[in-house]
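With the sequences and hints as input, model every part of the structure.
If you're matching them up, the sequences are chains A and B in order. Under my numbering, read the first sequence as residues 4 to 293, first letter to last. Under my numbering, read the second sequence as residues -9 to 363, first letter to last.
Hints are computed from structural coordinates only; laboratory data are not their basis. In this text, a Cβ means the ideal position worked out from N, Cα and C, and glycines have one as well. Just so you know, not all the hints are guaranteed correct.
Said to hold, decoys possible - Here are a few chain B residues that sit away from chain A, every Cβ distance over 10 Å (derived from the structure):
#, residue
1, 18
2, 106
3, 109
4, 128
5, 132
6, 202
7, 286
8, 317
9, 332
10, 338
Claimed, not checked - Capping the alpha-carbon separation at 35 Å, the derived lysine-lysine pairs in DSBU-like fashion look like this:
#, chain 1, residue 1, chain 2, residue 2
11, A, 33, B, 146
12, A, 265, B, 298
13, A, 265, B, 146
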Amino acid sequence: MLDFVQQTISGVAVGCVYGLIALGFVLIYKATEVVNFAQGELMMLGAFLSYTFIATLGLNYWLGFLACLVCMALLGMLMERLVVRPILGYPQFSIVMATIGLGMVLRSLAGMFWGTDDLRIETPFSKAVYHLGPLVIAADDLSIIVATALLCVILYAFFRFTRMGVAMQAVSQNMLAAYYMGIPVKRMFASIWAISAMVATAAGILLAPITFIHSNLGFLGLKAFPAAVLGGFTSIPGALVGGVIIGVVETLSGFYLPEGFKDIAAYVVLLAVLLVRPQGLLGGAMLKKV
Amino acid sequence: MSFRIRTGYEDDLRLFKTRESAIAYGLLLAVLLAAPFLIGSYFLSQIVFVLIYTIVGVGLVLLSGYAGQTSIGHAAFLAIGAYTAANAAKYGVPIYVYLPAAALLTGVVGWLVGLPALRLHGIYLAIATFAFALIVEEILARWERVTNGNEGMMIKPATLVGKPLGESGLYYLCVFCTVVVVLLAVNVIRSPTGRAFVALRDSETAARSMGVDAARYKTFAFALSAGMTGLAGVLYAHKLSFISPEMFTLSLSIEFVMIIIIGGVASIRGAALGAIFMIMVDPLLVLLKDGLPGLIGRISGSPLLQDKASVLLSAPGVKSLIFGLIIIFFIIHEPMGLDGRWIKLKTWLTQFPFYRPATFRRQKMYLKSERGR
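Here is the structure:
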């Protein structure tokens, strides 16, 4: 039983990272109906930037975090402007492939720039361990869970109470109507990409102390797809719940099932969900017009 | 303008629309048949790879270009074909039995994968196929009794009536398979099935209200495409004579999709052009690595810049960087792919002084929502 709880906690921590990446998918998909297959690469780039800022340039952790967020927000906007905006309205297939291409470019550029060695950053919470009765909780895991919860509250408040957040919701509900109401749709798209890149960056920096920073870190983004689909792809809380479920399932199947199941558990869950409930756990039913 | 005037139904039903195209394809076939006597074994094996990629490309064109279903997991079908061949060859089954059998088996698997496609569209389908491919990849590594795990498998050379097939024999087998697959694809496209595919692609709701059985045609498209890929898998296994799970990864699936993006999504000819392009990338890259740094050094006159360039070009990520840029470039600037270029060139030649680029100007596209409103 203790093992179970212990594994569940570390699963929740990993799941929060999946959830944060999935959140990036969902934000972009809700607003622009583009599925960004390069989301994992954005996370990787965020982690690498944090290495440059914190380990190489010797900035304070929090300052480095902030600098990464700013840089990645700019990069997100740039990606939107250069690659995604010209192909809005193309068949979904083309857009998916374009973002896959974008991911390949980012991955190989990161490999060229930062090399292929495993990198690490020091965080204020490294190596600290909390004891909760018989349970042992690593501070890194705890930091991920707390930061994810915090980020959720911030995003919720942003979309609920700020002018810009409400405008973004309007754009994602009906682009044309939003445009008629005087909302600058193009600028909203750019901001959505910036926010999504920042969320990915946060995930990357939080994950950096747990796993090494490597140019293949972006493949973790592929694990976030099951999370997003599980949550319904258009629901922000759904993405997080989906992420946590995937993380827990993965960790537990790694612990209890034979070797090999850990890597595919997420995808088995994904296929099962798609077969039984394609709209996801929290998504609404979809109807398609001609 | 050049018009093709049709005076009877036969004009529209013929396989070759004009006599010129019949002659052109006949010549192409003649050249392909004569190739082993004309060129060395390096180029012959490159052509074999082009033919294998063409078969996969044709399968994807049918699925993505005509039936409008996305798949980024075709490497899994290739793997199923390849491993079927390897196991059948191990037990001494003759190639003329397991070649169609592997295609059939892969087709059945494709049909099974197509089942969720009935409820999914667009992005969900892409994710489902890609999850399927990852699961297959894991099974290949773990099911050691059949696949020999990560150590990989050697494939016995193919024999035909006791005699080894040899290099040129394999080449002719590839040519034969490609011709069969292309003819099959062309015939499917111009039959009611192909028209049903196109109708489903353009609007599923409209097609269904016109009486197209969406479930049947979608799963059939998947089965057909997977079967073709499985056939290619058998040839691929024999060409390489060694297969292991890490050859059938996500990046191979993406290479397959690149074939049709570069070639042109809804064109059989495009699949061949895309396959040629994809196979040529590697030799071209080698040329670039050898030639470009020297050229830069000579132009700029600084050996430092030359060293920098050669280090940059031999970095491990260069190929994937170039692939990524190619994908983005083609999607933004030439959605019709190389086939579109071909058509434009042909139009330019036939209408020589009167060609206007505006003929092919794309319609402005607006975001069409996939969500219900």
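Query raised in the report: Looking back at the hints listed earlier, which ones does the structure fail to meet?
Result: Of the numbered hints given earlier, those the structure breaks are 2, 3, 4, 5, 8, 11, 12, listed in rising order.
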